[in-house]
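With the hints as a guide, dock the two chains, each given alone in a separate frame, to form the complex.
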Amino acid sequence: MRGLWDRETVALLLLAAVLPLAVTWLLAEGAAGLLRLLFVLFVAGVWHVVFMLARAQPPSFAGAVTALAIAVLAPIDLGPLPLVIGVSFGVVAGELAFGGWGRNVVNPATVTLAFLGFGFPAALWPSLPVQLGWSVGAVVLIGVVTGVMSWRAVAGAVLVLAAGSPWLATPALTAAAVVLVVLVCDPVTSAATGLGRWLYGLLYGALVLLFVFGWSGASPVRIAVSAALLASLAAPLLDELAIRLWLARRKRLG
Amino acid sequence: MAFAWKDWPGRKNNHTSAGADIQTFMTDQCALFARAGEDFRVDVLVAEGDTVAQGAPVLRSRRNPELVLVAPAAGEVAAIDLGPGRRLAHILFFHAPAAGRHVHDAAPARKGGDAAATRALLLSAGLWPLLRSRPFGRVPAPAEAPSAIFVMALDTRPDAPSPRLALEGREEDFACGLRALAGLTDGPVILCQDGGPDIAAADGRCRIRKAAAVHPHGLAGFQLAGLHPAGPDRIVWDIHAEDVAAIGALLATGLIPETRLVSVSGPALRETRLVRCQPGADLRALIFDIVRPGPHRLLSGSALDGVEGRWLGRWHRQATAVADAPRATYPHWFSAALRRAGRPLPIIPTAALDHAFGGLLPAAPLVRALSANDAETATRLGALSLVEEDLALADYVTGASPRLSAMLRAMLDRIAAEGAS
Chain A
-15 MRGLWDRETV
-5 ALLLLAAVLP
5 LAVTWLLAEG
15 AAGLLRLLFV
25 LFVAGVWHVV
35 FMLARAQPPS
45 FAGAVTALAI
55 AVLAPIDLGP
65 LPLVIGVSFG
75 VVAGELAFGG
85 WGRNVVNPAT
95 VTLAFLGFGF
105 PAALWPSLPV
115 QLGWSVGAVV
125 LIGVVTGVMS
135 WRAVAGAVLV
145 LAAGSPWLAT
155 PALTAAAVVL
165 VVLVCDPVTS
175 AATGLGRWLY
185 GLLYGALVLL
195 FVFGWSGASP
205 VRIAVSAALL
215 ASLAAPLLDE
225 LAIRLWLARR
235 KRLG
Chain B
171 MAFAWKDWPG
181 RKNNHTSAGA
191 DIQTFMTDQC
201 ALFARAGEDF
211 RVDVLVAEGD
221 TVAQGAPVLR
231 SRRNPELVLV
241 APAAGEVAAI
251 DLGPGRRLAH
261 ILFFHAPAAG
271 RHVHDAAPAR
281 KGGDAAATRA
291 LLLSAGLWPL
301 LRSRPFGRVP
311 APAEAPSAIF
321 VMALDTRPDA
331 PSPRLALEGR
341 EEDFACGLRA
351 LAGLTDGPVI
361 LCQDGGPDIA
371 AADGRCRIRK
381 AAAVHPHGLA
391 GFQLAGLHPA
401 GPDRIVWDIH
411 AEDVAAIGAL
421 LATGLIPETR
431 LVSVSGPALR
441 ETRLVRCQPG
451 ADLRALIFDI
461 VRPGPHRLLS
471 GSALDGVEGR
481 WLGRWHRQAT
491 AVADAPRATY
501 PHWFSAALRR
511 AGRPLPIIPT
521 AALDHAFGGL
531 LPAAPLVRAL
541 SANDAETATR
551 LGALSLVEED
561 LALADYVTGA
571 SPRLSAMLRA
581 MLDRIAAEGA
591 S
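Line by line, the protein sequences are chains A and B. This note's numbering puts the first residue of the first sequence at -15, with every later residue one more than the last. This note's numbering puts the first residue of the second sequence at 171, with every later residue one more than the last.
Same shape as in the complex, but just chain B (with noise of 0.2 Å):
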């Protein structure tokens, strides 16, 4: 479905500028966080008050030790915010340039077609956080073998900052590290990209897929659905393009680069702006001088997709302001009760509802089986490759309650925990 906010009155479109007009923009705050409810147990290898280098390894996963999160930009550790159990809540860093770059030792993955090497240096730089893993939309466990790797070059959400311009000049890098993806995995390494010229040039175990550039064809879900459906044996990893220029990066210099390309939009701003800003930057230094006057929420993420919160998540290239809703009038007791009373709420079986899916799964009896905690059925019909940004539309379009997404998280993480007993 053609997806475009173009009743944004501060709607401004500069991401067709070249890429050298991006300012690059550090915010004075990051940080490392989990996402609500994420149970990710860390032993923290830094102090508060430690100076730490772009780069410098400050937690460790305490159940896979090799998986190590490294800070996001030099400078000063702030606050380390552990919740019970040692579970990461988040850790703060101040922005300090001088305290330079964390050099990692890339050299054993450079020399060249060790497979063990590269999972070792990705897992020990923090770059292993960055690949997605299907079903189930985690960050991979260590060991893990997918069976393909999806490497999206598209992103159709709406204000998305486009890869092409990410991947501007970096295209040694983004080579370097669709070869290195493709020693990770024994299957094909997909490319995903829109129907200009080939970003990467297509060998034996990369091969390029054009898609249409309309939401929601670029997301990895549907094009994983399509082409290589994930399933309990079958494991799909996803990455952004921008991404795997990192890994090249990586992999050439032993640096990782500290920011990455960052959309800020909304209809609470006044302009729409591209930024290149650390990863966890704080999304209220991004908004702060172009916001319009009145309440509003930031979102890390789309606005179709995006979660509230202060910082930039781990996957997300897009900050929204969107304006908060007045608060609404209470609702009379007796149509509050009849809206509890009908949920989950129907779901008719439109032509919105088919475009919201892409036209590439059977829309109607999937969300049937979502609706109805089905976990058989929508296994069957794909909801094994799909995580909860791949409904966002359908939750949009449909007005669903409770939302789709998370009744498809709820679903898969009850088949995971199943299959894991």
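Next comes chain A alone, as it looks inside the complex (with noise of 0.2 Å):
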């Protein structure tokens, strides 16, 4: 007897659920925009296929979801030479080294868009369309209602950031629930206990808010997926600390 929840099905129902975002997206961007989407896809597409000739590892849909969350949001000004370099890194570095995707630790297009952040301090970080922002909300309920997508983690960094919301600026909302969905929501990369995931969505709508105040001249894409990298770095910390407390509480069975 075979199931379905297998690899496969997860990253196919994750890429269904990022397509109101992607839609969105192109239709704002035009032929620009699918021009990049195109590029990145084929440079994460050529390293798939390098692994599983080398290393045996079939490749993942989940590919396509790294490929668009690195479009979105990586900066717009750089060459392709730049962007060769930082899909690369991203996705040999953050995934396919560890074994193919649902064995990585960091989300690849997080790795990606933090080291061109860190390799290119002077590019220029997209200004996210707004229209993008309210598509996060159809990717949302696709990711929850499947099961893809954690509720606790969406729901502890909404409450977060709609506590600092007077404070936040459109366009950083916007970035921040664009990051939320296709980085931040990964089921891998996240935290995987029930506690773990709440004070996972609550540290980054935490860390966002620390970025906004604190940060100052940095853009709302960048600080998004700062936080992003840092909550997913805390995330098995945070699973620890659940199952501390989990297994303090048993303590009393014995």
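Accuracy of the hints is not assured; some may be wrong.
Covered stretches of chain B, going by a simulated chain A footprint (3 or more residues, C-beta under 8 Å) [said to hold, decoys possible]:
1. 390 to 399
2. 500 to 514
3. 529 to 541
Note that these hints are calculated values from the structure, not bench results. A virtual CB, placed ideally from N, CA and C, is assigned to each residue, including glycine.
This is how it looks when you write it as structure tokens:
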């Protein structure tokens, strides 16, 4: 008896969930956006094929979600070469070197974006069209109903961002929302326990708020990406914390 | 996770019919057998061709001579098949009602309060193997003292027979069996049941636990993990409610009940039926008149956790016929190599995985520990309370390869071997 929820099903559902965002973004960006997306897809795809042939790692549809996240969020005035270097570094060091999607520790798109941010500090980060923020609602709906995104992580982040919304400008909110669905809610690299997921969402929201107040001159996308990177690095710690608490509660059972 | 085979074309829900309508169906053949890989060395007390009464001793364990297995039905011993080292493979019986029933001497245990006599009676009357001991999910050793006993009056496996139906009219036997079980442990006897009226009266030692009637909450492993986790020095037994009634009947009459309630279902059948048949019944005889044309496989147990075989297993109350998968076309060498190289396949933590663990254990960390063969972490996260059947739903849902239940079994065997040495 074989079930449904293997790795590729989850990857396809994630892809289906981000489709509203992809369509909205392509409508806003037009042909330039499509070209950029295809370029990132091509570079990431080459590395997937290389690892398939050299290391027998089956490629995954999750690579397309990664490519979309990079195309939407990466700095816009980079030439093709920096983009190739960034995508290669993120996809190889963030995902494929660990054994492919499902075994990675950090999201490859987060690694790529952080790499580009630190490697090319003068690059211009994109300002996301406001309708992208609204498409996030549909993404969250599909992701949470199918169970591939954790409602706890979403709820945690939304709580903090809603509490801070009087001080957050629309671009910051849009960037935080888009990063939340394409980077933070990745089921592999987010926290995996109930309490851990709450803490993970809360931490992401809190980091966004902290950077908005304390990081002058940073663009909204950069702030959100940095918050996502730090939150995903802290995810194993949050899980460990949740498990310790769970075990402490079970002490009384003997 | 609510789990029902609503889409099975042959499904007819007759589980709500009254207990009186259920047909008693003794199959012509039945068998005592050991599970694959089980190291059960026996002395055979009968010879081929002997006529044995139902409940008469036929096997004695060489390792624990107190432990005896009895004939599941009255009849003739048709074949005795032992493996190397006198390991039991199977003993086949032909059913012949004229051979009668063996009466055990239950008087010493019946007088009440004597735990040693109860223990001796269960061992000599062949009801002992109905108990299951955790950690490791084995038949308990004769001298073992559990810290708690779980009585499962709840079975949420797809198409499982309702324990309430099995207990209908046997309330006194059940209460008597519960009292006898309480004598075997110093800890609590926990009766797990659905949200309906209490099946037995709770008193000092017997506690009632009401659990949601959705799979996998009706599995002993998750109830145990939530209430009284098993550990290396903390043995917990579980037993099905119908078997507790059998213990009560044995104490009252000295006779072992002839039948158990078994549901026969599966996508390869035209209809679902409930029957009362003997333990070790012939699965083919249970399904032959309702099976759809075409190849099928017979499972002892539910579609999720069933074991392929010909006889109804010791702890099983379901016979399932599933359509044999059409022989897969031989995969291309490259895709086959890719699939093999990736094993164990990564399991993505989704809501489906959490539901497969009932939300009671940290699913993703436990699955990771199992895949990585990290016994220490898995033990910390409650793996010692589980056996294969508890992970069958997770296996089904995630399509894990290799199966999580197989990885758990290998890990449990290794922990047991390390603990023994």
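Checklist entry - For this structure, which hints from the list above don't hold up? => result none
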